[in-house]
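Asker: Given two chains presented individually in distinct reference frames, assemble the corresponding complex, making use of the accompanying hints.
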Amino acid sequence: MSALLTARDLYRDYALDGTAVHAVHGVSLDVAAGEYVAIVGPSGCGKSSLLNLLGAIDRPTAGTVSFQGRDVSALGDRALTRFRLLHIGFVFQRFYLMPILTARENVELPMAEAGMSRPDREQRGDELLRYVGLQARGRHRPTQLSGGEQQRVAIARALANRPALVLADEPTGELDARTGAEIIALFERLNADGTALVVVTHDEELAHAARRLIHMRDGAIITQEVLAPNGSSGA
Amino acid sequence: MRGLLAFAALRGHAARTALAVLGVAVAAAMLLDMVMLSTGLRESFQHLLLSRGFQLRLAPRGTLPFDTEAMIPGATAILDTLRTLGDVTTVSPVLGAQLHVPRDGRVTTTFALGVNPAAQGDYELRSGRDPNDANELVANDEFLHAAGLQVGDTLEAATGYNPQLRTFAGQRRLTIVGRARFLYLSAGQPAVALPLRTLQAMTGHTRDDAVSLFMVRLRDGASVDAARDWIRAHVRTVDAISTADALAQVDDRLRYFRQLGYILGAVSLMVGFLLITTLMTVSVNERVGEIAVMRAIGVSRPHVVQQIVLESTVISSAGTACGLALGLATARYLNAILSQFPGLPAAIDFFPFQPRAIWTALALLASVGILAGVYPSWRAASRPIAGTLREEAVA
Ligand SMILES: Nc1ncnc2c1ncn2[C@@H]1O[C@H](COP(=O)(O)OP(=O)(O)OP(=O)(O)O)[C@@H](O)[C@H]1O
Ligand SMILES: [Mg+2]
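So the sequence lines, in the order shown, correspond to chains A and B. So the first sequence is residues 1 to 235, counted in this note's numbering. So the second sequence is residues 1001 to 1395, counted in this note's numbering.
Chain B with its partners taken away, still in its complex shape (with noise of 0.2 angstroms):
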């Protein structure tokens, strides 16, 4: 019976039921993004430094990685030293530089990466194969895209290029054998990658042997801070950061986003708080008569309260419910916008789906929808009951 009057109440205000279930909904959008924003972010900024395995990484000491002049020479030595170390499974070394692919009468400036193909950790291919030979490269779709190419072609690569003059230095001819995802760059990028010997030929490094970057990968169960302590203390060129340090760095960048997503989902929150509380007081308060009625007639307090709160119920679950594929939707939406944020790695998601923080949030909306309902309905049950009924029949 209770249930009955409870629908019956919500049929029976059929539109303002869809508009408090809409409302809910919006908040509980916002509110699911905005826990997903600030707290999915930094894990999926994790997942994606430990994806391909590697806990360290070891920059040029004072730089920022990819720092384009500063460079660690001696490669070879360092790579034979690292190895001493029990604890490493695998270390990869990278070269940043620029190459310019003239074709057509057109020049394409690319990021180009020299690795390992067999160690490497900064691209995923798509199709084709790593460029094992001497002149090979892979490169991602939007380089093939910006340069007309595709796999299986050859083009002509400079590291140097006078655009007065159009000429250019450190050329060489290399060939397309693979399509890759570049994991660690911005949205639009056109990159390649291609043998670290190749591309330090290319940029005249050669003799020093210098590369921009090595990852490092640890056996499992190892130290990680002991592994970079070791190699900071052998290794005097560069400094090594592990990715819990790179989390923390990235954290701190990213603090921003996260107060954002929590003061916005605490607004949220609060919004739906006080639209569930608004609709069940303006709800409550013109059933006063009818729940003094109820009373008389022996329906005790906490039936009324119960079933005002099966109202509100109804209306934060069947809200949040909605709000869930909104949130996921507005999510989507969000993240291809935010993508595109310079600077910042295409993979990254800024709204991952994190089932625990997202159902407490949700479940949260939820009960506080709940609640909403006990305080307006407890205290329209309390009233004076004669007093009630006299007030309702002189209205």
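With the rest of the complex left out, here is chain A (with noise of 0.2 angstroms):
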């Protein structure tokens, strides 16, 4: 498998009071097209800034990212944020969904935003509502939707422009375990769909769904494992 995503000598220090913390600390990695990589470690030791770092939302202290062969690092904000947008999907620990807009105009923001037209978004959004079971609740708002309803719309809304990446901040954090599971479950299927995951995550269901396992500390990446497949989720 060619590399999707290649990360390079990645740092990030935050100044604190004069002192820096160096929550990344040296960093590299490959991530394949269509893998499915799970980050775990120990609270604090960086992995929200490895991410976040790998989606291009934080900038490196020293270092690359490259997606497709790309020094994504090198771009200005303008083509940053167009790369976010086509290929990239976020998925966040607490949803992170617009309140104002409901369920299917969430889904179709980031289509508008790509300038696709209103019959194709609705018809994705439709489309990808199904996809994640929701096909019933598209008007409505998020917040009459349930914790585990809303993680869901938020991942129809990470694949609205069939991103070749989706990174996940402890997607199921804020789950009780059987809703944790559909996730789990959801994720499984677009990885089996091509879509390349990394997952940020505490949960062991979660990490173990995942193809490889990647253990940091103290900002840099200490072992990685593969795992079989059919790990410990069904679905």
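Keep in mind that the hints were calculated from the coordinates and are not lab data. Just so you know, even glycine gets a beta-carbon here, dropped at the ideal spot from N, CA and C. Where hints are given, some of them may not hold.
To be verified - Across the chosen pairs, the derived CB separations fall in these ranges:
#	chain 1	residue 1	chain 2	residue 2	range
1	B	Glu1391	A	Thr64	55 to 65 angstroms
2	A	Ser2	B	Ala1014	44 to 54 angstroms
3	A	Arg178	B	Ala1018	41 to 51 angstroms
4	B	Ala1014	A	Arg217	49 to 59 angstroms
5	B	Arg1390	A	Gln224	24 to 34 angstroms
6	A	Arg178	B	Arg1390	21 to 31 angstroms
Stated by the list, open to error - Some residues of chain B that are not near chain A, with every Cβ distance over 10 angstroms (derived):
#	residue
7	Leu1004
8	Thr1089
9	Asn1116
10	Arg1129
11	Asp1153
12	Asp1239
13	Tyr1256
14	Arg1258
15	Phe1353
16	Thr1360
Answerer: Here is the structure:
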């Protein structure tokens, strides 16, 4: 498999009262197209910081991130925003849907931004809601949905522009085990359909659904293990 | 989608949106009134002074018009002199006096103008006809009301009245033949107009043929300044004032009104601007998380700004539109109050609707309101995305 995402010698320091916190400390990482990677490690080891760098919503102090061979770290704000829009899907722990929009409008938002026509948007919006099992809830607002449903809408939104890579930071962190299992199943299906996934998680179930498990500590990768397919979760 | 987000945001805070629109409306109304007051008053005066087409007025040299003591003697001779100036088309001599009208044991005192009905520029007939005959007069509603008379009635009028002795001088029997509106009088002032000769006779000015004032109309295209200078040189007993001079004097006296108007107008503009800026800043600040999410999933900075500017546009345009209505209503009300101002002609419109000035001012306010959305939204859209999301997650 060819490398979709390549991170080289990534550093991310935060200045705190004069002293620097080295949140990410020399990480190099490749993610192949269609791969499913989980990143685990103790709290504060820099998982989220790394994911933000991979998804280009934060800039590294040093190092580069390339996507499909293109150096993303060198892009200006406009190109970077466009890059995220078209190539990356984000799933957050707290869902982060627009509260004033309906579920389907939330899903359509990135498509509208990408310039898709309204009929196309509506069709794909319905399609994606069906994909995440919420075809009947399109007109509901986030406040009218459960946490698990909101997260499924968020996943549909992440898929809106058919990104090659979806990044998820503790996507089951706010959900109970059963609802979390639904999300895990959805991710597996998503990955089976060809989307590369990088998830950061404390959730054993989710971590073991991945094909590769990366262990981090103190801002660095300490070990990586390849998991046998069909790790733990069924669905 | 941006429109949807903008309207959803406004609808989501309906009460706040309504209050903001109301606030802008008040500022816009104030701005409108101040613009009308400061730019319109002068136009209104000019309109009034030129309404009858007289470009020059001749007052006794060294006095103000209708200074009752000051007179211009030899009116007929002056008329003849003025007619030798080719540009003059009409000369209207005017004599001002007081008339006392006893009736049913009461005496009504009124301002009286002796005019040449064919050439006068002091009143507009409402009904009836001009006082063409020596013993006729026209009166305004204030007089008719005060004296309890109507068109067709006959009255006894005197120019002199001694309240102690209840004796009258210069008495004459006159018939009311018309109802008129006097252009240059203050509100509520009773007034009548009668032939100049009659009033001269009643006031004892037949022999010196005195008048208080001449109004002169020039043919179209004639140089007012040249005519004024000619008159000043050839008629030594009068001072010729052009409408432009009069306007300059009026301007001078109205400067305070205008300055007040400008200052309060500028203040309203500032208030409107600050109001929308504050609102947009508050509204954007409580949405930094949402904005960071939008940025994370690929919404461009200009699009975030556009969405929020659309919100401020809606608020400022709706506010400005309401303000237009509110401003016109308050202008009418204020005009009614100011028209009672003593010494000013009631016909003056303090708040004339001057489309250009008004649209300019309102467009200015609307655009200032629109601009108010730009800075806060650009700032919010430029925040670091990951850092903002983290702060939101902690909050
Ligand atoms: N904006 C910031 N300013 C200062 N320090 C920061 C900032 N963001 C992260 N850090 C620090 O960087 C380190 C790594 O944080 P990060 O959130 O990446 O850890 P994490 O592995 O995701 O932790 P968790 O599992 O609890 O989410 C922590 O020590 C954190 O305090
Ligand atoms: Mg984290």
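Asker: All hints, please: hold or fail.
Answerer: Each hint tested on the structure:
The beta-carbon spacing between Glu1391 (chain B) and Thr64 (chain A), approximately 27 angstroms, falls outside the hinted interval of 55 to 65 angstroms. For Ser2 (chain A) paired with Ala1014 (chain B), a C-beta distance near 52 angstroms keeps the hint of 44 to 54 angstroms intact. At about 44 angstroms, the CB distance of Arg178 (chain A) to Ala1018 (chain B) agrees with the hint of 41 to 51 angstroms. A hinted range of 49 to 59 angstroms for the beta carbons of Ala1014 (chain B) and Arg217 (chain A) is consistent with their spacing of about 51 angstroms.
The beta-carbon spacing between Arg1390 (chain B) and Gln224 (chain A), approximately 26 angstroms, falls within the hinted interval of 24 to 34 angstroms. In this structure the hint that Arg178 (chain A) and Arg1390 (chain B) lie 21 to 31 angstroms apart at CB holds, the actual value being about 28 angstroms. In this structure Leu1004 (chain B) is not separated from chain A by more than 10 angstroms, as the shortest Cβ-Cβ distance comes to only about 7 angstroms. The Cβ of Thr1089 (chain B) sits about 70 angstroms from the closest Cβ of chain A, beyond the 10 angstroms cut-off, so the non-interface label holds.
The Cβ of Asn1116 (chain B) sits about 75 angstroms from the closest Cβ of chain A, beyond the 10 angstroms cut-off, so the non-interface label holds. Interface exclusion of Arg1129 (chain B) from chain A stands, the closest Cβ pair being 71 angstroms apart, more than 10 angstroms. Distance to chain A confirms Asp1153 (chain B) as a non-interface residue, since its nearest Cβ pair spans about 74 angstroms, more than 10 angstroms. With a cut of 10 angstroms on Cβ distances, Asp1239 (chain B) stays outside the contact zone with chain A, its closest approach being about 72 angstroms.
Listed as outside the interface, Tyr1256 (chain B) is consistent with that label: its C-beta sits roughly 50 angstroms from the nearest C-beta of chain A, beyond the 10 angstroms cut-off. The Cβ of Arg1258 (chain B) sits about 47 angstroms from the closest Cβ of chain A, beyond the 10 angstroms cut-off, so the non-interface label holds. Distance check for Phe1353 (chain B) against chain A: the nearest CB is about 40 angstroms away, which clears 10 angstroms, and the non-interface claim stands. The beta carbon of Thr1360 (chain B) is kept farther than 10 angstroms from every beta carbon of chain A, the shortest such distance being approximately 36 angstroms.
Hint compliance for this structure: hints 1, 7 are broken, all remaining hints hold.
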